[in-house]
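K.L.:
The chain contents come next:
Protein chains: 2
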Amino acid sequence: MTTDTPRADVDDPQLAAALDEFRAAIGAEHVATDLETRHEFSDTYSPRSWTEYLPPAVLQPATTEEVQEIVRIASRHGVELWANGQGRNNGYGGSAPAHAGTVVVNLRRMNRILEVNDEFSYVVVEPGVSFNDMYDYTQANGHTLWVDTPDIGWGSLVGNALEHGFGYTAHGDRANSVCGMEIVLPDGSLLRTGMGAMTDNPSWHLSKRGFGPMLDSLFMQSNFGIVTKMGLWCMPQPEYYITGWVTLEDDEHLPALLDAVRPLMIDRTIMNYPSVFTASGALAVVGKRTDFFPGDGPIPFEVSKAIVAQIPNLGMWNMRFAVYGKENTVDAQFDNIKAALSVVPGVEVIGTKIRGDEIDPESLDQSGKVQAGIPDMQLLNTSSWAGGVGGHIGFSTVLPLTGRDGRRITDLVRPASEAAGFDYIGGFLLRERSMMHVTLMVYDTEDEPAAARARDLCANLVGTAAKMGYGEYRAHPSNMDNVQSTFDYNDHAMRRFYERLKDAIDPAGILAPGKQGIWPRRLRDGSAD
Amino acid sequence: MTTDTPRADVDDPQLAAALDEFRAAIGAEHVATDLETRHEFSDTYSPRSWTEYLPPAVLQPATTEEVQEIVRIASRHGVELWANGQGRNNGYGGSAPAHAGTVVVNLRRMNRILEVNDEFSYVVVEPGVSFNDMYDYTQANGHTLWVDTPDIGWGSLVGNALEHGFGYTAHGDRANSVCGMEIVLPDGSLLRTGMGAMTDNPSWHLSKRGFGPMLDSLFMQSNFGIVTKMGLWCMPQPEYYITGWVTLEDDEHLPALLDAVRPLMIDRTIMNYPSVFTASGALAVVGKRTDFFPGDGPIPFEVSKAIVAQIPNLGMWNMRFAVYGKENTVDAQFDNIKAALSVVPGVEVIGTKIRGDEIDPESLDQSGKVQAGIPDMQLLNTSSWAGGVGGHIGFSTVLPLTGRDGRRITDLVRPASEAAGFDYIGGFLLRERSMMHVTLMVYDTEDEPAAARARDLCANLVGTAAKMGYGEYRAHPSNMDNVQSTFDYNDHAMRRFYERLKDAIDPAGILAPGKQGIWPRRLRDGSAD
Numbered sequence: 312m313t314t315d316t317p318r319a320d321v322d323d324p325q326l327a328a329a330l331d332e333f334r335a336a337i338g339a340e341h342v343a344t345d346l347e348t349r350h351e352f353s354d355t356y357s358p359r360s361w362t363e364y365l366p367p368a369v370l371q372p373a374t375t376e377e378v379q380e381i382v383r384i385a386s387r388h389g390v391e392l393w394a395n396g397q398g399r400n401n402g403y404g405g406s407a408p409a410h411a412g413t414v415v416v417n418l419r420r421m422n423r424i425l426e427v428n429d430e431f432s433y434v435v436v437e438p439g440v441s442f443n444d445m446y447d448y449t450q451a452n453g454h455t456l457w458v459d460t461p462d463i464g465w466g467s468l469v470g471n472a473l474e475h476g477f478g479y480t481a482h483g484d485r486a487n488s489v490c491g492m493e494i495v496l497p498d499g500s501l502l503r504t505g506m507g508a509m510t511d512n513p514s515w516h517l518s519k520r521g522f523g524p525m526l527d528s529l530f531m532q533s534n535f536g537i538v539t540k541m542g543l544w545c546m547p548q549p550e551y552y553i554t555g556w557v558t559l560e561d562d563e564h565l566p567a568l569l570d571a572v573r574p575l576m577i578d579r580t581i582m583n584y585p586s587v588f589t590a591s592g593a594l595a596v597v598g599k600r601t602d603f604f605p606g607d608g609p610i611p612f613e614v615s616k617a618i619v620a621q622i623p624n625l626g627m628w629n630m631r632f633a634v635y636g637k638e639n640t641v642d643a644q645f646d647n648i649k650a651a652l653s654v655v656p657g658v659e660v661i662g663t664k665i666r667g668d669e670i671d672p673e674s675l676d677q678s679g680k681v682q683a684g685i686p687d688m689q690l691l692n693t694s695s696w697a698g699g700v701g702g703h704i705g706f707s708t709v710l711p712l713t714g715r716d717g718r719r720i721t722d723l724v725r726p727a728s729e730a731a732g733f734d735y736i737g738g739f740l741l742r743e744r745s746m747m748h749v750t751l752m753v754y755d756t757e758d759e760p761a762a763a764r765a766r767d768l769c770a771n772l773v774g775t776a777a778k779m780g781y782g783e784y785r786a787h788p789s790n791m792d793n794v795q796s797t798f799d800y801n802d803h804a805m806r807r808f809y810e811r812l813k814d815a816i817d818p819a820g821i822l823a824p825g826k827q828g829i830w831p832r833r834l835r836d837g838s839a840d
Numbered sequence: 312m313t314t315d316t317p318r319a320d321v322d323d324p325q326l327a328a329a330l331d332e333f334r335a336a337i338g339a340e341h342v343a344t345d346l347e348t349r350h351e352f353s354d355t356y357s358p359r360s361w362t363e364y365l366p367p368a369v370l371q372p373a374t375t376e377e378v379q380e381i382v383r384i385a386s387r388h389g390v391e392l393w394a395n396g397q398g399r400n401n402g403y404g405g406s407a408p409a410h411a412g413t414v415v416v417n418l419r420r421m422n423r424i425l426e427v428n429d430e431f432s433y434v435v436v437e438p439g440v441s442f443n444d445m446y447d448y449t450q451a452n453g454h455t456l457w458v459d460t461p462d463i464g465w466g467s468l469v470g471n472a473l474e475h476g477f478g479y480t481a482h483g484d485r486a487n488s489v490c491g492m493e494i495v496l497p498d499g500s501l502l503r504t505g506m507g508a509m510t511d512n513p514s515w516h517l518s519k520r521g522f523g524p525m526l527d528s529l530f531m532q533s534n535f536g537i538v539t540k541m542g543l544w545c546m547p548q549p550e551y552y553i554t555g556w557v558t559l560e561d562d563e564h565l566p567a568l569l570d571a572v573r574p575l576m577i578d579r580t581i582m583n584y585p586s587v588f589t590a591s592g593a594l595a596v597v598g599k600r601t602d603f604f605p606g607d608g609p610i611p612f613e614v615s616k617a618i619v620a621q622i623p624n625l626g627m628w629n630m631r632f633a634v635y636g637k638e639n640t641v642d643a644q645f646d647n648i649k650a651a652l653s654v655v656p657g658v659e660v661i662g663t664k665i666r667g668d669e670i671d672p673e674s675l676d677q678s679g680k681v682q683a684g685i686p687d688m689q690l691l692n693t694s695s696w697a698g699g700v701g702g703h704i705g706f707s708t709v710l711p712l713t714g715r716d717g718r719r720i721t722d723l724v725r726p727a728s729e730a731a732g733f734d735y736i737g738g739f740l741l742r743e744r745s746m747m748h749v750t751l752m753v754y755d756t757e758d759e760p761a762a763a764r765a766r767d768l769c770a771n772l773v774g775t776a777a778k779m780g781y782g783e784y785r786a787h788p789s790n791m792d793n794v795q796s797t798f799d800y801n802d803h804a805m806r807r808f809y810e811r812l813k814d815a816i817d818p819a820g821i822l823a824p825g826k827q828g829i830w831p832r833r834l835r836d837g838s839a840d
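Protein sequence lines, in the order shown, are assigned to chains R and U. Take 312 as the starting number for the first sequence in this note's numbering and just add one per residue. Take 312 as the starting number for the second sequence in this note's numbering and just add one per residue.
Any given hint might turn out to be false.
Which copy is meant is left open, so a pair is good if it fits within one copy or across any two.
[To be verified] Under the rule of at most 30 Å between Cα atoms (straight-line distance), these lysine-lysine pairs were calculated in the DSS-like manner:
#1 Lys-664 with Lys-637
#2 Lys-649 with Lys-664
#3 Lys-599 with Lys-778
#4 Lys-616 with Lys-649
Don't read these hints as lab results, they were simulated from the structure.
If we strip away everything but chain R, and leave its shape as in the complex, we get (with noise of 0.2 Å):
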């Protein structure tokens, strides 16, 4: 994709006379250049040997002031930055950029958590602020409202929220809790959405629309600007919980539950965002592949069924879902959902119900956690399912919610991760009317033929997934201009426009080029100037 030669290397004279200026602007100790660094910020999931996304520098500036300057110093210079949150992103490339020699912007250092509002349940936070963070902080200021996580805490909650992460409480539709951003745009100058456009405005982390077309979700999955503040609409704490969990004894009824659940997603009986896992998938947050499996190879259909049939609460497909608030209505909602999944043969369903303020994080397994937003790190463990230094790469596709997609999806990835030696560890994230179906190839990062294998499997899954009509929802750097190619309609219309956007709001191209496969003028094909 890209044609010219990448600024990788720190003897650059531009990136050299840069970084003394960035050195200037934000603190010589706030510029790494040292290589154990650098790898800190790229893909940590690769590796170490594959030094194509390692960056040349990682900056970390602590205020929008310097992030704007940052800008500046890299406009005049055309040295390209990545800018992220906590850089954690795991198996879609971690820190890493997508263009060999842009510098790292790491924004950990930015995290003020601004607001924390419990009247209108929601938080106004900069990037660095992570999951984990704005838990303690919750917890140790008597806040009430309970603050959507996804499955594992240190990310940062700007930077899932701009990657269209999940998470698994009634806001776990993260994009959609957005609610008005303060941006950074490439020329330096600060952008606020919504009715933050209008100065002092009370309501710009209240109304998700100003007076104009809303522009927060142009700068999601985007390289058109740098997010330095962000708000999120949170759900108070309700005075009930159930979190409920589903075992499916058969593989062969996964697609029943999924035709029994899709009903229940549209009117919000289920309140939250659920997810359908095998049992890989759960059995990989608490132990390693040998621990069940003393063989090579995937481990077979067979012996998986025998393992969970020991292990109690346990199914070869297994669902977690919550409801939430006054008593009545959590009893009656938990016993309709149990109603309408009843048709789905050899199906259990369980809810603990617990007092809203009366929840003890210990008693809680990690479903139980997270649907009520307390961030977890248990599930770092699944990347060292394989044993080793672990890591993985996600495949995600985003499907109708059918059984009829379901079982589709899973008859392409499962035979064709174990053909390519990796178990099956997969999933569903539940929406309204979609489903993404996750998948994690799980490697020894020090075995490089694996990491080369699951790679190309997901490389190779992208354009047979879109031919049965399935879009990626995210994508590793190494994936990113491929899975953006299969987004074909009237001749990649859509990259068209993206790229048309990039030339208007950062015509030197400087803001993550490559980003989503998206490239600033200069460093796409056939372009001449």
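Based on these hints, arrange chain U on the given structure of chain R.
P.N.:
Same frame as chain R, now just chain U:
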């Protein structure tokens, strides 16, 4: 704001040449230049002698291809186009373009209902489909889903959604229920958003995001393209529906009511988008002011109180709301709502429970209908409140959902309206965390001084409201620049960003110049090219 000489006349040679080509492209019978049609597609709520927004011609294409051809022709001749669905837009200028000389492209003939999907609860429509059309179609074809409707059913689903319009079911936040669009860009090419950017992807109207930044909101309240297809999420017919009605005896307890409702909106105990409105708002639906008060000038407050005391189930303030679901849930939610509102002095809460499959529109009042997605035309009567040939202009502000803010806005708008000779007909459209205060200044359109006073009043209130921290949600063309100018953060960074997008997406500046205060380069102040 504008600096050129508008092409307001069909004698303009460029326009004449374009009209010939429009006739060849879509048929001469669909290109109107007669005065009657031009008036019909101007602002019908302005006095007929005010010709500032009278379009020189009205085009009514029937297909997307015809829209593409119109855009290409207009582009070649530098003719400006203002597209709308039905062109109703009551109180915000009707079908009138913001810039004199702009040709109206009315899409009433693009009236295909492309899909009604009960399984996933969504519809896909062209811009000419009205809420009335849609309801008739779903009823005639045995569909069960409920399509959200605004108060008056003659408008376009697409047009209303694009203007950030509101309805009263669970999907009343219409812009948030949009999922997937097809758009004719200013160069005549087609763009599909989200998963629709992949050919034949079945999740186009199921998943709100694709790969890269979601673009849907960019085409709402904007002039960046002409939307020719839209998916809209709907609600499934619930097993039970309770239409609730709240009356408040005293005006002074309005703040207590709003504060009591807020938590019920945030946690979605109230499942729809309720309205809170004055007695005058309720009375204007069923009669004229002279039916209730023989005197001149606004009805005095004490007289209003006396009228209200005589009418059953009418308060000085009234709120409608709804819950939907299985019988056990709607009963529980209604009980919870009643209990929560009982803290408000002088409040009465009643509800009517109906089976979703046994709804008889004839048995429901206007609120009972629209909260069940049944369009109605009764509210159109409001414009006849002042007698004569009714018209009104809307002043609509976004506020935090608090009693304090509710009181501040009524304390501003009521006396200002009355001082200008208008009854205060106001209300609040409630959202999760914010509300819109909507006022109608109703006049006889043959009474030019009254119409002028109404327009001036709206214009003057904008700046005052902005100083109080309140931005407008929508505006009459005569007020768009004024409203946009109140979004002043960082030297109007949002407008400057809109302008940058406008110049990139529509370099010739032919689409809806001035809409929402967004002008193309050649029409901006101080612009030389």
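K.L.:
It remains to establish, for every hint, whether it holds in the given structure.
P.N.:
Here is how each hint holds up against the structure:
no.	hint	result
1	Lys-664 with Lys-637	both (11 Å within a copy, 20 Å between copies)
2	Lys-649 with Lys-664	both (14 Å within a copy, 24 Å between copies)
3	Lys-599 with Lys-778	neither (34 Å within a copy, 61 Å between copies)
4	Lys-616 with Lys-649	within (25 Å within a copy, 50 Å between copies)
When held up to the earlier numbered hints, the structure conflicts with hint 3 and nothing else.
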